[in-house]
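Colleague: Residue strings, one per chain:
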Amino acid sequence: MNPVQKEKIILGLMYVAVFLSILMLPIIILWVTTNGIGQLNWTFLTGTPSFSTSESRLATHGVFPQIIGSFYLVAGSTLLGTPLGVLSAIYLTEYAAPNLLTKSIRFFTETLAGIPSIVIGLFGMELLVYRLGFQTSLLSGAVSLSLMTLPFVIRASEEAIKVVPNEYREASLAMGASKWQTILKVVIPAALPGIITGVLLGMGRAIGETAVLILTTGGGMSRKVPSRLTSPVGSLPIYIYLIAKETVHQELLNRGYAASLVLLIIFLSMSVSALLIRNHYLRKLGNE
Amino acid sequence: MNNTYMIDEEVQGFIPSMVEDKIVFKDFNLWYGDNHVLKDTNISIKNNIVTAFMGPSGCGKSTLLRSIDRMNDIIPICRTEGEVYLDGRNIYKSEEDVYELRKRVGMVFQRPNPFPMSIYDNIAYGPKLHKLAKGDELDKIVEDSLKGAALWDEVKDRLHDSAFGLSGGQQQRLCIARALSINPEIILMDEPCSALDPIATMKIEALMRELKENYTVVLVTHNLQQAARVSEMTAFMYIGEVIEFGATRALFENPQNELTENYITGKFG
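Heads up: the sequence lines are chains A and B, in that order.
Sequential numbering from 1 applies to the first sequence in our numbering.
Sequential numbering from 1 applies to the second sequence in our numbering.
Note that these hints are calculated values from the structure, not bench results.
Just so you know, not all the hints are guaranteed correct.
Think about it this way: if two alpha-carbon atoms lie no more than 20 Å apart in a straight line, the pair counts; the simulated DMTMM-like pairs of lysine to aspartate or glutamate are [claimed, not checked]:
1) B:203 / B:143
2) A:185 / B:96
3) A:179 / B:95
4) A:179 / B:96
5) B:39 / B:95
6) A:185 / B:161
7) B:93 / B:81
8) A:179 / B:143
9) A:179 / B:161
10) B:131 / B:143
Derived DEER-like restraints, expressed as beta-carbon distance ranges [to be verified]:
11) A:14 / B:268: 52 to 62 Å
12) B:161 / A:5: 27 to 37 Å
13) A:181 / B:88: 48 to 58 Å
Just so you know, even glycine gets a beta-carbon here, dropped at the ideal spot from N, CA and C.
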């Protein structure tokens, strides 16, 4: 085989690989949509779930508490994870000396990103649910989830802060600003698009997370929106998991697809808003 | 207006001794790690004139400039010995407030570096930071600063547009206006025209001549003509040492040191 032929074959293989890769997303979306769209109606968005397959119960079957529960969990983990992550990133980029300790901290946060979520769930269950007595609840779930999203926020914030030109810092310091004033008024605003992108990516990760929630939140098919931080909380991924695992009833299974569709829509709208917010701020900063 | 020591280009060769010293370097040394960047500097910079530091790349002229507002402090491996007096006070004494010092000493950098904010917010940054004014008073400061930098007429209708929409020369004048906004006594300029075209450069040079009426201006340049055009006094530096310091015209017409002469006549640089 001569080099020209080889080149052609390799290129052909690449075409196939790329084709298969980009094919997956539309297939998944199409498949979830065709199975779920029939069940996606107002009742499904406002009703409460049950394993019952009786006509009358199916007519009121819905995932309202699960949608709200997912939002609560993501909001809680974001409220916890964002300040922690952004402050850590500021420390790592602006204050920490480039020594072994800093490298170790960075290694730790990056390794945290790679830890299997079931391990984090197990840890959250042991520490939060039992030792600290938070029970399987919104609080335990949100705290555990924030561990999942924290590395995203740190990484994205670090990158965003690092690319803020040093000239801005110098200009601010030369005006008599302190280091912290400079960070707060110049560096963070300039890094905001990147930080927001990181936070939204973390939220996207959190909204679909399942393993952590199985072990920490309880109340998968809950019919109630949690009233307290220590109440059990339902969520869309757990609902989908339970429906898929526990039932063979086709109509009920399709509710699982409908819930997946809701989850996908939330996830995609988060990704799109991440993009829009980012572009909005970039435009505001004037460097389109 | 104090006209007793008005210096114009005709009498640039002559600096009256009655002009008061604003900044005095006394046996000042500076190191970056083991690198001895400034060696036994002893010069006095006079009030309300333009003083230029010139010399080949790496001679320490920018470092000398940044010693005046202690911007070298940001570099962790930087170490100094000796004194720098501002109005008779040693600014390197440990109890000196570096933020207060930098309020009194404005700085303009080599590349225009406006903040990623609107034109207005760029100027309002310093006054807000130091809580000098708000509301109408702040508007007034912004207007005065932009007028002081000869930029007001060009931007008064788009104060809330991004500063990045301005040309390079306008951005640099914006940075000068930003420096003026907190009413400093000294303006440091670190090769402010090196990223600009000749017309923008001309405008900045004209501005320097105006600024010295109210401020002490210190300029770093590797452009000989610029030093000759705008400064009353010039220091020629070479590898960390001030080789010659004196009235600009005298230094250019009758250099005392061979190195200075070689530099001025273009034998190196």
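Colleague: Evaluate each hint against the coordinates.
Modeller: Comparing the hints with the structure gives:
{"no.": "1", "hint": "B:203 / B:143", "in the structure": "19 Å, holds"}
{"no.": "2", "hint": "A:185 / B:96", "in the structure": "24 Å, violated"}
{"no.": "3", "hint": "A:179 / B:95", "in the structure": "18 Å, holds"}
{"no.": "4", "hint": "A:179 / B:96", "in the structure": "17 Å, holds"}
{"no.": "5", "hint": "B:39 / B:95", "in the structure": "24 Å, violated"}
{"no.": "6", "hint": "A:185 / B:161", "in the structure": "18 Å, holds"}
{"no.": "7", "hint": "B:93 / B:81", "in the structure": "11 Å, holds"}
{"no.": "8", "hint": "A:179 / B:143", "in the structure": "28 Å, violated"}
{"no.": "9", "hint": "A:179 / B:161", "in the structure": "27 Å, violated"}
{"no.": "10", "hint": "B:131 / B:143", "in the structure": "17 Å, holds"}
{"no.": "11", "hint": "A:14 / B:268: 52 to 62 Å", "in the structure": "56 Å, holds"}
{"no.": "12", "hint": "B:161 / A:5: 27 to 37 Å", "in the structure": "58 Å, violated"}
{"no.": "13", "hint": "A:181 / B:88: 48 to 58 Å", "in the structure": "29 Å, violated"}
Violated hints, listed in ascending order, are 2, 5, 8, 9, 12 and 13; each of the other numbered hints is respected by the structure.
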